[in-house]
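S.K.: Please build the complete structure, drawing on both the sequences and the hints.
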Amino acid sequence: MKITLPPLNDTREYNRKTTDYGNGMIEIVAYHQPKETYIGERPPSSKNKPKLSDEEQEKRTRSQIHAIRRRIKGYALINDFEWFVTLTLDPQKVNSFNYDVSKTVLLKWCRSMRDKYGKFNYLLIPELHKSGAIHFHGLLGKIPNENFVQAVNPKTNIPVVRNGRQVYNLTDWKHGFSDCEKLENSEKASSYITKYITSALLTDKDMYGKKRYFNSQGLKKPKVSFSMEDNTKLNDFIPNFGIVGTDSDGKNYVDVGLYKLTTDRETGALIQKDTNYVIRAKNEYK
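For what it's worth, UniProt numbering labels the leading residue of the sequence shown as 1, then goes sequentially.
Keep in mind the hints are simulated off the structure, nothing from the lab. Misleading hints may appear alongside valid ones.
As the list claims (entries may be wrong) - Quick list of in silico lysine-lysine cross-link-like pairs, DSBU-like style, CA-CA up to 30 Å: (1) 273 x 220; (2) 93 x 35; (3) 116 x 220; (4) 155 x 223; (5) 17 x 174; (6) 282 x 119; (7) 17 x 221; (8) 223 x 182; (9) 35 x 116; (10) 35 x 182; (11) 233 x 116; (12) 93 x 119; (13) 251 x 142; (14) 17 x 130; (15) 223 x 210; (16) 251 x 282; (17) 130 x 210; (18) 182 x 211.
All figures in this text were calculated on a predicted structure; none of them were measured in a lab.
M.R.: Here it is in structure tokens:
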């Protein structure tokens, strides 16, 4: 069956992409040359897709890394997660070397937590240990505090403290070991979780065609908009990530600039608190 895509006039130009995380944090990507975005929904693609070679699959997967990280970051920033957790699987109880078995155990547990507490927000990422065993890192929403007990060193019986913060075990997780830390804020949550979206996870042959993360239904998503704007209004800010080109007169310009900004609660003005900057030449960014 031949699928006909909508005509080109169902697109519109934009030179600015704005992501509003709903908590005062705004991320702007400004483009020197306008780009196009599709308006509306495309029809479903054919299910009879040609099978990709391992090399083609790896290339395709690598191209998805930034998109997946942005999606994970959005979930982490805009939702009210309270705990960062690592959940391992006891090989005496679960075949933790089998991805599908490990995934089934995890999702069954998530459903039981939802049934138990009514609402259970989660965002979990599988990680392959060097041994080949699967474990999960992620963020959890509100769970009664009494379900967490202080983690203690089994040899010394001294409470486990990491970077000045108490580590806990989650009594609800009975499939192996749990390591839990209370989150300070959404930015910390985002920082913790996105580092586990690694090239190794995405390009491992055993992970082709498998989910790279698991999230509860109903999580809030950031608001994304596309528009044509006067990007010279961003000249007061430094791109937190920028690709700089050189025009025919030898003058530099920002070809693509990503700005991490915050809305001032009193004035509504955009301010820049993030002082981490990475600037690259356009001819070096391939």
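S.K.: When the hints from earlier in the document are held up against this structure, which numbers fail?
M.R.: Violated hints: 2, 4, 5, 6, 9, 10, 11, 13 and 14; rest satisfied.
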